[in-house]
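Residue numbers (the working numbering), protein chains in the order written: chain A, 4 to 420; chain B, 4 to 420; chain C, 4 to 420; chain D, 4 to 420.
Hints were generated in silico from the structure; no laboratory data involved.
The reader is advised that the hints may include incorrect statements.
Copies of the same chain are indistinguishable here, so a pair counts whether it falls within one copy or spans any two.
[Claimed, not checked] Distance condition first, Cα-Cα at most 25 Å in a straight line; then the derived PhoX-like pairs of lysine-lysine:
(1) LYS18 x LYS406
(2) LYS352 x LYS18
(3) LYS121 x LYS181
(4) LYS406 x LYS294
(5) LYS52 x LYS330
(6) LYS11 x LYS330
(7) LYS52 x LYS11
(8) LYS352 x LYS11
Protein chains: 4
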Amino acid sequence: MDFGYTEKVSALQEKLLTFMDDHVLPANAEWVRITGQGEYPMALIDDLKGKARAQGLWNLFLPGLKADEPGVQLANLEYAPLAEIMGRLSWASEIFNCNAPDTGNMELLHLFGTPEQKAAWLTPLLEGQVRSCFGMTEPDVASSDATNISTSIRRDGDHYLINGRKWFTTGAIHPNCKLCIVMGVTDSDPEANAHSRHSMVLVPMDTPGFSIVRNVPIMNHHAPEGHCEVIFRNVRVPVSNLLGTEGKGFALAQARLGPGRVHHCMRTIGQCELALEMMCERALGRVAFGKHLSDFANVQDWIAQSRVEIDQARLLVLRAAWLMDQKGNAAARVDVSAIKLVAAQLQTKVVDRAIQVFGAMGLTPDTPLPDLWTWGRAMRFFDGPDEVHLRTIARQELSVVRKNLGRTALYYNLPTR
Amino acid sequence: MDFGYTEKVSALQEKLLTFMDDHVLPANAEWVRITGQGEYPMALIDDLKGKARAQGLWNLFLPGLKADEPGVQLANLEYAPLAEIMGRLSWASEIFNCNAPDTGNMELLHLFGTPEQKAAWLTPLLEGQVRSCFGMTEPDVASSDATNISTSIRRDGDHYLINGRKWFTTGAIHPNCKLCIVMGVTDSDPEANAHSRHSMVLVPMDTPGFSIVRNVPIMNHHAPEGHCEVIFRNVRVPVSNLLGTEGKGFALAQARLGPGRVHHCMRTIGQCELALEMMCERALGRVAFGKHLSDFANVQDWIAQSRVEIDQARLLVLRAAWLMDQKGNAAARVDVSAIKLVAAQLQTKVVDRAIQVFGAMGLTPDTPLPDLWTWGRAMRFFDGPDEVHLRTIARQELSVVRKNLGRTALYYNLPTR
Amino acid sequence: MDFGYTEKVSALQEKLLTFMDDHVLPANAEWVRITGQGEYPMALIDDLKGKARAQGLWNLFLPGLKADEPGVQLANLEYAPLAEIMGRLSWASEIFNCNAPDTGNMELLHLFGTPEQKAAWLTPLLEGQVRSCFGMTEPDVASSDATNISTSIRRDGDHYLINGRKWFTTGAIHPNCKLCIVMGVTDSDPEANAHSRHSMVLVPMDTPGFSIVRNVPIMNHHAPEGHCEVIFRNVRVPVSNLLGTEGKGFALAQARLGPGRVHHCMRTIGQCELALEMMCERALGRVAFGKHLSDFANVQDWIAQSRVEIDQARLLVLRAAWLMDQKGNAAARVDVSAIKLVAAQLQTKVVDRAIQVFGAMGLTPDTPLPDLWTWGRAMRFFDGPDEVHLRTIARQELSVVRKNLGRTALYYNLPTR
Amino acid sequence: MDFGYTEKVSALQEKLLTFMDDHVLPANAEWVRITGQGEYPMALIDDLKGKARAQGLWNLFLPGLKADEPGVQLANLEYAPLAEIMGRLSWASEIFNCNAPDTGNMELLHLFGTPEQKAAWLTPLLEGQVRSCFGMTEPDVASSDATNISTSIRRDGDHYLINGRKWFTTGAIHPNCKLCIVMGVTDSDPEANAHSRHSMVLVPMDTPGFSIVRNVPIMNHHAPEGHCEVIFRNVRVPVSNLLGTEGKGFALAQARLGPGRVHHCMRTIGQCELALEMMCERALGRVAFGKHLSDFANVQDWIAQSRVEIDQARLLVLRAAWLMDQKGNAAARVDVSAIKLVAAQLQTKVVDRAIQVFGAMGLTPDTPLPDLWTWGRAMRFFDGPDEVHLRTIARQELSVVRKNLGRTALYYNLPTR
């Protein structure tokens with residue numbers, strides 16, 4: 004057991020922090036200005052992407068690629084502390100080609116894509132030339148139970164015919180977004196159980212019948228790249244666009260979600276660290292009733308609770324990343340549920356405290372706090388609502404205990420009857 | 004002791020509910036459409052105001068007016084359950100001329116205005132011809148401690164010269180807004196203690212030097228009437244625009260806040276009832292893992308907790324209203340702090356649960372939930388942050404116990420030493 | 004609506020407080036000393052009972068008795084504030100013949116007893132000559148679902164034959180305890196539904212086969228009067244000992260629980276007030292890091308939160324009492340669940356804070372805090388665990404909404420599709 | 004970074020678990036029986052100690068001893084998972100000579116004792132021949148601020164004269180307890196600051212003037228070895244009994260507390276694991292309203308929350324142990340505060356949930372739950388109350404931010420003014 008970062012990781016952290024300080028943060032005001040006008044700052048982004056790639060800070064997220072593919076080869080445990088650094092700024096991950104949902108989509112294509120699919124989509128994604136989105140959540144059913152997903156993917160000769168409605172399809176209005184991976188019901192095997200009826204299909208976004216309805220604001224926040232509501236109306240793609248095997252959609256989804264959730268969670272840790280640091284700065288700088296806010300015991304309690312909660316959450320995430328590296332994504336399924344649950348609730352808690360220390364300013368877009376809070380609240384749904392993760396963890400715990408029933412018997416002090 | 008509404012109140016509740024159902028709610032979609040385009044739906048509002056006034060549903064909030072002034076004469080305890088009904092819809096109060104901050108401003112003018120001030124401002128406000136705003140919170144200091152307020156109101160001959168910056172000035176961009184009541188430091192008496200240095204002055208909004216910087220979004224929500232940042236730059240008004248006495252700004256603020264906070268709190272209760280009702284409807288209608296959400300014990304717990312928390316909060320608010328009616332606003336000062344604290348925290352709790360039951364839809368503007376949550380979070384600052392109210396309540400409690408020290412002595416079981 | 008106590012109630016409060024100060028509290032040290040030796044201080048109790056009865060402070064709890072029965076006739080709403088006063092001291096209620104479980108048992112006998120049963124048991128109970136206990140909870144099943152109760156009450160000619168095991172039978176080792184009312188399965192009608200299979204029977208405690216196994220400590224606290232585990236082994240009583248009708252045990256239990264729960268809850272309010280007062284006294288008297296504890300913002304927060312939570316809980320309890328007086332116990336069923344839930348959780352919260360302010364002394368029997376906490380934790384089970392009450396409240400809420408489905412429709416802002 | 008236990012640790016875990024199953028747990032009923040009679044089961048304990056030592060499971064806690072001293076040499080990180088196993092049973096640590104407060108006392112003697120002191124006390128302690136206690140907390144002052152400690156240790160020629168009162172002196176009534184290490188004010192240097200006025204002195208418990216007043220129950224729990232109130236009345240010991248240097252009492256206390264707190268926390272983790280396992284077993288075995296408790300979503304939530312909270316707390320404790328091993332106890336001071344805070348609150352939370360799943364049985368001594376809860380509540384004071392640790396953590400956090408003020412500036416989106 005060892006709780007220190009390796010030298011390799013420490014060096015990458017240092018390099019990434021320096022890049023953020025030297026190049027990304029100084030561009031933030033401009034990014035805010037342009038997106039505030041409803042535009043996507045492609046020139047700014049492309050410039051920074053070029054610089055990052057030149058420094059080798061590129062595709063840091065993807066373990067197990069062939070050596071001749073672009074980017075650094077890192078384990079999940081090595082990537083996690085870097086995701087934390089990028090996470091502090093909402094738009095930084097794209098600079099390093101490490102942004103969701105493309106990272107997950109690249110992993111899917113890497114693991115399950117045919118050579119043709121890889122050539123068409125994985126390579127340009129790895130090069131950062133295009134972006135992609137992922138159509139999962141649906142407005143009309145409780146997606147907490149993913150078997151409710153009902154978009155129809157019907158075989159019609161050499162094609163699939165896709166009909167359905169998705170929302171919270173992140174990235175769909177990004178100017179470079181060209182591909183949507185969609186999850187739906189194929190139902191070729193009418194006897195299949197509820198977890199073997201779904202498949203994933205690659206849909207180029209210029210396919211007729213695919214349309215973006217709107218960029219759905221999340222708690223009134225309009226993401227520049229969009230969390231979109233999209234419609235598939237008689238969308239027709241060749242059967243060669245099937246990703247993996249028919250009926251294996253859930254298996255693919257699971258494969259996709261493990262590392263993606265670790266990334267999400269580590270970005271959250273970074274955001275919570277930022278919120279805590281801002282909270283401390285504000286508390287040190289404001290005076291009420293003759294004292295600095297930092298001298299009030301309740302403010303101190305919030306700071307200390309945030310510190311211990313963040314530290315614990317980070318450790319849990321890192322252990323999950325380590326477990327994935329050691330035993331594979333499947334073995335870490337429950338651990339990944341745990342970190343998703345913990346991280347999302349952490350963000351709402353810590354940012355809420357920061358807002359309270361800021362006073363009314365914390366409600367305003369002058370600070371990143373509303374967006375951090377917004378995102379934290381939304382995270383309690385993304386990749387499954389809290390309740391699904393709680394259920395997963397509890398069922399695992401109960402199943403372990405069920406196999407050892409009676410093990411606590413000698414701890415009781417029962418009177419003789 | 005009697006927990007039933009009087010017949011008079013029950014009849015008014017019935018009448019108001021009917022009016023809401025018949026006239027206001029059917030107009031909501033249109034209101035949403037127009038404000039969504041960045042416009043203020045004056046025609047729609049004016050039409051409904053006419054209908055409401057014709058039915059006598061007008062100025063329900065203002066106790067103690069002379070009989071010849073327009074509107075119904077109600078005690079705080081009578082008005083509270085009506086505010087609850089109006090509160091369910093963000094824009095409904097204006098229809099009945101019962102909206103903040105005008106209600107508080109009308110009370111101020113009613114209590115402290117000169118005959119000329121009343122003629123110029125109170126009458127048109129009571130008639131619903133103009134609207135007004137209130138400049139209190141400042142961006143540059145911790146307004147939690149109101150003695151930090153630093154806008155300068157300097158006597159200059161027969162005029163006051165006002166310089167400063169305010170934000171969260173609600174209503175300032177409403178098309179009919181004509182008056183801003185501003186709080187600042189007059190400092191005519193350099194020996195005065197920190198609570199006797201501030202005054203309130205009436206500033207017509209067309210006075211040169213007064214300008215609106217922006218409508219500050221609250222958690223990314225842009226209120227149609229605005230929570231504005233405004234600047235006073237060498238704003239010059241005659242000394243006759245002083246409201247009440249120089250140096251009595253805090254006393255006026257206290258007088259203003261009592262009933263206003265009761266209104267706020269009762270509107271919150273209404274919003275929480277709406278959120279609870281929506282939560283139940285959603286839980287009854289959605290299925291996950293083979294069961295309706297309403298059959299899951301954790302969802303049931305949220306519903307039940309919301310019910311008992313709302314009921315308790317309502318009783319506390321009604322008791323504070325009753326106390327104000329019985330003993331005056333000053334006697335209820337700590338009780339008003341208590342309801343403000345309780346109501347704001349209630350709203351974030353109940354609405355958060357509703358959002359969780361809704362799933363991702365609860366994050367979207369398709370439901371009122373984001374705005375309800377936004378407003379609840381902001382309420383934890385409006386009229387003073389939670390921490391100020393907690394402090395007020397604690398100090399009162401401690402001062403009572405201090406006077407009776409030792410009263411618990413006989414409850415101890417101390418061993419003899 | 005009126006939140007003031009009537010003159011009648013205020014006078015009784017004053018009288019009871021004076022009696023507590025003059026007679027009961029001065030005897031507390033002696034009561035602690037005697038019970039600390041494992042004895043029950045009957046002489047001390049009897050002396051105080053005589054004094055209380057002489058002042059008319061007797062049987063304050065029982066509404067609706069005939070005028071010629073001993074004691075004052077009070078409504079639930081009138082009794083509640085008196086129960087609060089008695090509740091501050093664990094053993095005070097007995098002085099006024101207002102202690103559980105006898106109050107509930109007297110109500111049962113009053114409502115459902117035959118003239119013979121009343122003569123044999125109600126009269127001596129009202130006179131305070133004997134005490135009684137109530138056998139409900141069973142160790143071997145989840146009593147949260149009361150239909151699980153399985154003690155057998157089998158008809159055998161003119162007798163019932165009772166077999167089973169109960170625990171948390173309060174008062175069974177009180178020196179004057181002579182009667183146990185036991186709940187069990189009669190099952191005369193094999194077709195009866197789960198809620199019509201149980202009955203209540205009066206069992207004199209000297210009946211052969213009835214035995215007390217032990218006084219079960221609650222969180223290591225041994226109540227002097229006992230929360231006992233008792234056994235019925237072929238206990239034989241005449242059929243005339245049936246209380247009410249066969250198969251109506253649940254209906255009787257419901258009738259019994261309403262006022263009893265109000266009493267419990269008001270006693271809890273009294274205990275929470277005591278804990279809050281002790282917390283304030285301690286905070287005012289202790290110094291750490293150069294300040295009185297009462298000057299630390301976190302301690303102030305605890306005090307203020309306790310105040311607002313107590314006030315809200317009291318109002319909810321009083322409203323439930325009022326509702327029972329106005330509409331009957333049955334109409335207040337859900338309200339009674341709500342107060343039981345709220346009061347039990349309140350006590351653990353407030354006392355926990357008091358303990359924290361006390362420091363390690365709060366863990367010791369030198370203060371009443373451990374027993375207050377113990378009792379609060381146990382209350383979360385007595386009269387049904389929290390989860391049963393949450394379920395009851397949620398189902399009621401859902402059933403109301405189910406009848407009005409769609410009522411929130413116009414509050415949505417759904418986009419046109 | 005590596006989250007796996009080493010082979011050495013895994014082997015020790017296995018060995019210790021086997022010993023617990025084979026020898027300790029089978030003796031628990033007898034231990035409960037004997038201590039229930041108010042006696043200390045020395046024969047039982049001694050027999051098990053002999054067996055444990057024969058297997059080399061002895062003095063596992065003490066890092067850095069000379070090779071010729073008895074016991075295994077383990078780092079904190081290696082010992083922690085073993086403390087977790089012992090912690091599941093309140094009395095198990097003594098079997099392995101790993102019990103508080105002797106472990107801390109042995110560390111003190113090991114680090115600061117003179118050769119004579121070591122010969123007299125450390126050797127017999129390491130051999131398990133005697134036990135010792137530690138006099139720190141005082142009843143008359145707020146010990147949360149340790150500078151309040153006021154027991155007087157006055158130089159009188161070649162002796163110290165000690166006067167004062169301590170409580171929560173653990174172990175003082177253990178039959179083998181022979182030594183009390185007492186902390187008090189020496190005040191030889193009247194100019195010394197508040198943290199340089201205290202010293203520690205070794206007091207053989209048969210010294211005249213030392214007496215045990217009582218075994219103070221903690222939340223009504225009487226520990227068999229005692230948490231005692233003790234008096235020093237003109238206790239006279241030679242100056243050679245001074246431990247370390249005069250005025251360095253706080254420095255010694257800090258040295259003592261680091262590893263001791265890690266042990267406490269890991270034992271807590273073990274107790275929480277036990278409570279969680281019992282909760283799951285109970286939930287799987289009980290039926291209410293037609294379902295097993297384990298199928299209710301709220302019970303599942305408690306189980307899952309307990310799991311993620313325990314896992315996070317364990318990681319935090321292990322990291323603190325690792326840090327102590329890497330950088331020394333002083334460097335880990337704030338980390339140790341963090342684990343103490345987290346562990347104590349964890350125990351009350353997890354055990355409270357277990358009690359709730361158990362129903363009323365969870366209140367009884369038939370289960371270990373009341374004692375586990377009791378201990379958890381008390382832990383919120385032992386080694387400093389929560390508030391002191393929160394303060395320590397916050398001040399550290401603030402001091403780091405203070406050195407880097409402005410680092411968050413570029414994350415703001417401030418409008419130009």
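Hints, one by one, checked against the model:
1. LYS18 x LYS406: For LYS18 and LYS406, only the inter-copy Cα distance (22 Å) is at most 25 Å; the intra-copy one is 48 Å.
2. LYS352 x LYS18: neither (30 Å within a copy, 42 Å between copies)
3. LYS121 x LYS181: So LYS121 and LYS181 pass the 25 Å test inside one copy only (14 Å; across, 64 Å).
4. LYS406 x LYS294: between (57 Å within a copy, 20 Å between copies)
5. LYS52 x LYS330: For LYS52 and LYS330, neither the intra-copy (33 Å) nor the inter-copy (40 Å) Cα distance is at most 25 Å.
6. LYS11 x LYS330: both (22 Å within a copy, 21 Å between copies)
7. LYS52 x LYS11: within (22 Å within a copy, 47 Å between copies)
8. LYS352 x LYS11: Classified as neither: same-chain Cα gap 33 Å, cross-chain 39 Å, threshold 25 Å.
Figure legend: structure checked against the earlier numbered hints; hints not met, in rising order: 2, 5 and 8.
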